[in-house]
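Please model the complete structure; the sequences and the hints are all you need to start from.
Chains A and B, in that order, are what the protein sequence lines are. Per the working numbering, the very first residue in the first sequence carries number 484; after that it's consecutive. Per the working numbering, the very first residue in the second sequence carries number 35; after that it's consecutive.
Simulated from the structure, these hints should not be mistaken for laboratory data. Note that the structure is predicted; figures quoted are calculated from it, not measured. Where a beta carbon is used, it is the ideal one built from N, C-alpha and C, also for glycine. Some clues are possibly wrong.
[Stated by the list, open to error] No farther apart than 30 Å at their CA atoms in a straight line, the calculated lysine-lysine pairs in the DSSO-like style are these: (1) B:Lys-221 <-> A:Lys-700; (2) B:Lys-131 <-> A:Lys-626; (3) B:Lys-131 <-> B:Lys-171; (4) B:Lys-248 <-> B:Lys-171; (5) B:Lys-195 <-> B:Lys-248; (6) A:Lys-531 <-> B:Lys-195; (7) B:Lys-171 <-> B:Lys-195; (8) B:Lys-221 <-> B:Lys-248; (9) B:Lys-221 <-> B:Lys-171; (10) B:Lys-195 <-> A:Lys-533; (11) B:Lys-221 <-> B:Lys-195; (12) A:Lys-626 <-> A:Lys-700; (13) A:Lys-700 <-> B:Lys-171; (14) B:Lys-131 <-> A:Lys-700; (15) B:Lys-131 <-> B:Lys-221.
[As the list claims (entries may be wrong)] Covered stretches of chain A (in silico footprint by chain B; criterion: 3 or more residues with CB under 8 Å from a CB of chain B, positions within the stretch not fixed): (16) 684-693; (17) 703-712.
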Amino acid sequence: MKVPNESRTRGEEEALGEAPGAAGEARALPGEPRRSSLWRDAGHRLAKNKLALGGAALLVILVVASVFGPFFLGQSYFAQDLQLGATPPSAGHWLGTDTLGRDLLARLLYGGRISLAVGLCATAVALTIGVLYGTLSGFLGGKVDALMMRIVDVIFALPFTVFVILLMVLFGQRFVLLFAAIGAVQWLTMARIVRGQVLSLRRMEFIEAAEALGLSKARIIFRHMIPNALGPIIVYATLTVPSVMLLEAFLSFLGLGVQPPMSSWGVLIKEGAETMEEFPWLLIYPGLALALTLFSLNFLGDGLRDALDPRAAKD
Amino acid sequence: MARGGREKNGTAGVSSPLLRVEHLRTSFHTRAGVVRAVDDVSFSIGQGETLGVVGESGSGKSVACYSLLRLIPEPPGRIESGLALFGGLDLLHCSEKELRAIRGDRISMIFQDPMTSLNPYLRIGDQVIEPLLIHRKISPRDAFEAGVAALREVGIQDAAKRMCSYPHEFSGGMRQRVMIALSLITKPELLLADEPTTALDVTVQAQILELIAKMQEERGTAVIFVTHDIGVVSAFCDRVLVMYAGRILESGLTAELFYEPKHPYNQALQRSIPALHRRGAELRTIPGSPPDLMQPIRGCPFAPRCEFAQGKCVTSEIALKEVAPGHATACLRVQLGEIDLTPASVAAE
Numbered sequence: 484m485k486v487p488n489e490s491r492t493r494g495e496e497e498a499l500g501e502a503p504g505a506a507g508e509a510r511a512l513p514g515e516p517r518r519s520s521l522w523r524d525a526g527h528r529l530a531k532n533k534l535a536l537g538g539a540a541l542l543v544i545l546v547v548a549s550v551f552g553p554f555f556l557g558q559s560y561f562a563q564d565l566q567l568g569a570t571p572p573s574a575g576h577w578l579g580t581d582t583l584g585r586d587l588l589a590r591l592l593y594g595g596r597i598s599l600a601v602g603l604c605a606t607a608v609a610l611t612i613g614v615l616y617g618t619l620s621g622f623l624g625g626k627v628d629a630l631m632m633r634i635v636d637v638i639f640a641l642p643f644t645v646f647v648i649l650l651m652v653l654f655g656q657r658f659v660l661l662f663a664a665i666g667a668v669q670w671l672t673m674a675r676i677v678r679g680q681v682l683s684l685r686r687m688e689f690i691e692a693a694e695a696l697g698l699s700k701a702r703i704i705f706r707h708m709i710p711n712a713l714g715p716i717i718v719y720a721t722l723t724v725p726s727v728m729l730l731e732a733f734l735s736f737l738g739l740g741v742q743p744p745m746s747s748w749g750v751l752i753k754e755g756a757e758t759m760e761e762f763p764w765l766l767i768y769p770g771l772a773l774a775l776t777l778f779s780l781n782f783l784g785d786g787l788r789d790a791l792d793p794r795a796a797k798d
Numbered sequence: 035m036a037r038g039g040r041e042k043n044g045t046a047g048v049s050s051p052l053l054r055v056e057h058l059r060t061s062f063h064t065r066a067g068v069v070r071a072v073d074d075v076s077f078s079i080g081q082g083e084t085l086g087v088v089g090e091s092g093s094g095k096s097v098a099c100y101s102l103l104r105l106i107p108e109p110p111g112r113i114e115s116g117l118a119l120f121g122g123l124d125l126l127h128c129s130e131k132e133l134r135a136i137r138g139d140r141i142s143m144i145f146q147d148p149m150t151s152l153n154p155y156l157r158i159g160d161q162v163i164e165p166l167l168i169h170r171k172i173s174p175r176d177a178f179e180a181g182v183a184a185l186r187e188v189g190i191q192d193a194a195k196r197m198c199s200y201p202h203e204f205s206g207g208m209r210q211r212v213m214i215a216l217s218l219i220t221k222p223e224l225l226l227a228d229e230p231t232t233a234l235d236v237t238v239q240a241q242i243l244e245l246i247a248k249m250q251e252e253r254g255t256a257v258i259f260v261t262h263d264i265g266v267v268s269a270f271c272d273r274v275l276v277m278y279a280g281r282i283l284e285s286g287l288t289a290e291l292f293y294e295p296k297h298p299y300n301q302a303l304q305r306s307i308p309a310l311h312r313r314g315a316e317l318r319t320i321p322g323s324p325p326d327l328m329q330p331i332r333g334c335p336f337a338p339r340c341e342f343a344q345g346k347c348v349t350s351e352i353a354l355k356e357v358a359p360g361h362a363t364a365c366l367r368v369q370l371g372e373i374d375l376t377p378a379s380v381a382a383e
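This is the structure in structure tokens:
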């Protein structure tokens, strides 16, 4: 798509771009043509990407449903009805009930709170630490870089489960620790990716040029380096969310994550998988929720990456 | 306004140089050894002057240029010694903060490859006005206006609209124009141009050279022009330094350097310009290759390739010495008056 557009004649482009170009100028004139041009342009490009917008919308719906849904549902996620047992979806229980007769929809929504919170928060934590750490390491270079990366290697080498168990034993079984434990592991890869990007950017001429113009280090990092490294960062972040959700399921399976009667999507999927043959809906709906989340994240991530790259703009 | 604040007294050019560099030594400490990229280089440049620095790849011309703004990656690079006095401040030893205040404001730089010296993620406009935003107290709106004016000045059509374009929408020549606009927007006193036309077509090259010359004339900016293209130097520079193996072998006014070469290396360089050869004649080259800068060099670095070399060229230390007014050479035999070199243009007849 991009290549033919590139070769489109200047005149045509000019003619096409006439109105938006003038509008863009008017936008840029008053006030702040500096800070946010990248983000604003990215916003415009993102707005044109239907798939990404759809992903974002779906994500919002899932979040809103998980946060507010339980208030309106009128079903409790822990009330058991052993007489009822597992029933397929019906008017009373829209998504059916599990083997203990608990309403699946309620469990799904409550579980969504946990899963989405873990997924998004842990990723945000990993993203922040990883990007800052990696950028700093790559930018400072030399001995500092070597030291910082050895620290990453050491943490990487710790067996994850042992690490989490250690945390739980030391600080008691608290939900916050789940974030801490997952975040502590996930930022490592992010830091490595960002460092690699920064290292290659470090010797690019435009970074040298920025230095020759008298820019401060902070300005070079935040204005010139991080935007150029955003593509891989975003892609990796969208991959981190699902892996974090699955990690949470794994920890819960070991009894280190959320405890019954609380649930999360990971826990529901695990339970559903055990009784898959008799009660398939117990696997299908939680699986669907997770899959939808991952899809929308991927579409959104893809869209964001494209939107942030001005070279992919004209279409 | 702050921008017009600094007055330039163009007449004081020769007596008080704008920048004086003394005994600059820069080396790179690699695993294989120490590379002496710039070895005891001294020169000065007056206000509004154009100084050409020529030499082949690896002669230290770019490193010397980068050293002035301390843009050498450290490590492995290190500025071992020297002074670079610019308006009373030693650029090589001042604080990082003082240096940042000078970079991009009073001394700017243009780079070799315009395709990679602009940030692909930022609009042209944002990049052009960045030096203003850093170095001046100026409102974004005024900066934007200044940016449009700067782009217009370097011959970019429809400048106001182009401010919102991204670098990939520009051709190489246009980008170099943007770089020039960007580096001159603060009206610097000195412009370091590191092979600014090497990556461009010949026709575009001429336009860019003309543009730099025009801007320089209008603003009285001094330019240090680093290049390996002798033709460019002869057309463009007031004075020329010929560098080889990290040292200056000859320096003088452009015309004198071409018509009265005082160093065999300079002469050999000129002879190897293809344009001066008769059609069908074999292209002349300089036999041998430049010395390994990791080994200490005694005497003249060019001696192993020099047709006039004698034993004393290798055994004695040779300094750059003036042999005619304003014309200095590091050739011992020329200094002693033993040989007289003919200019390449005559030799080609």
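How the hints compare with the structure:
The straight-line distance between the Cα atoms of Lys-221 of chain B and Lys-700 of chain A is roughly 23 Å, inside the 30 Å bound, and the hint therefore holds. This hinted pair checks out: Lys-131 of chain B and Lys-626 of chain A have alpha carbons roughly 23 Å apart, not beyond 30 Å. Restraint check for Lys-131 of chain B and Lys-171 of chain B: the C-alpha separation of about 17 Å stays at or below 30 Å, so the hint holds. At most 30 Å may separate the alpha-carbon atoms for a hinted pair to count; Lys-248 of chain B and Lys-171 of chain B meet this at roughly 28 Å.
Of the pairs offered as hints, the one joining Lys-195 of chain B and Lys-248 of chain B holds, with about 24 Å between alpha carbons and a cut-off of 30 Å not exceeded. With a C-alpha separation of about 22 Å, the suggested pairing of Lys-531 of chain A with Lys-195 of chain B holds against the 30 Å cut-off. Proposed proximity of Lys-171 of chain B and Lys-195 of chain B is supported: the alpha carbons are some 25 Å apart, at most 30 Å. Between Lys-221 of chain B and Lys-248 of chain B, the direct Cα distance comes to roughly 13 Å. Compliance with the 30 Å bound is thereby established for this hinted pair.
About 15 Å separates the Cα atoms of Lys-221 of chain B and Lys-171 of chain B, which keeps this hinted pair within 30 Å; it holds. Straight-line distance between C-alpha atoms of Lys-195 of chain B and Lys-533 of chain A comes to about 28 Å, which keeps the hinted pair within the 30 Å bound. Between Lys-221 of chain B and Lys-195 of chain B, the direct Cα distance comes to roughly 23 Å. Compliance with the 30 Å bound is thereby established for this hinted pair. The suggested pairing of Lys-626 of chain A with Lys-700 of chain A holds, with an alpha-carbon distance near 18 Å, which does not exceed 30 Å.
The hinted pair formed by Lys-700 of chain A and Lys-171 of chain B meets the criterion: a straight-line CA distance of about 20 Å does not exceed 30 Å. For the hint pairing Lys-131 of chain B with Lys-700 of chain A, the CA-to-CA distance comes to about 11 Å; that is within 30 Å, so the pair holds. Restraint check: the Cα-Cα separation between Lys-131 of chain B and Lys-221 of chain B comes to about 20 Å, which is no more than 30 Å; the hinted pair holds. Check on the stretch 684-693 of chain A: 7 of its residues sit with their Cβ under 8 Å from a Cβ of chain B, so the three-residue criterion for coverage holds.
Evaluation of the coverage hint for the stretch 703-712 of chain A: fulfilled, as 4 residues show C-beta separations to chain B shorter than 8 Å, against a requirement of three.
Violation of the numbered hints given earlier is absent; every hint is satisfied by the structure.
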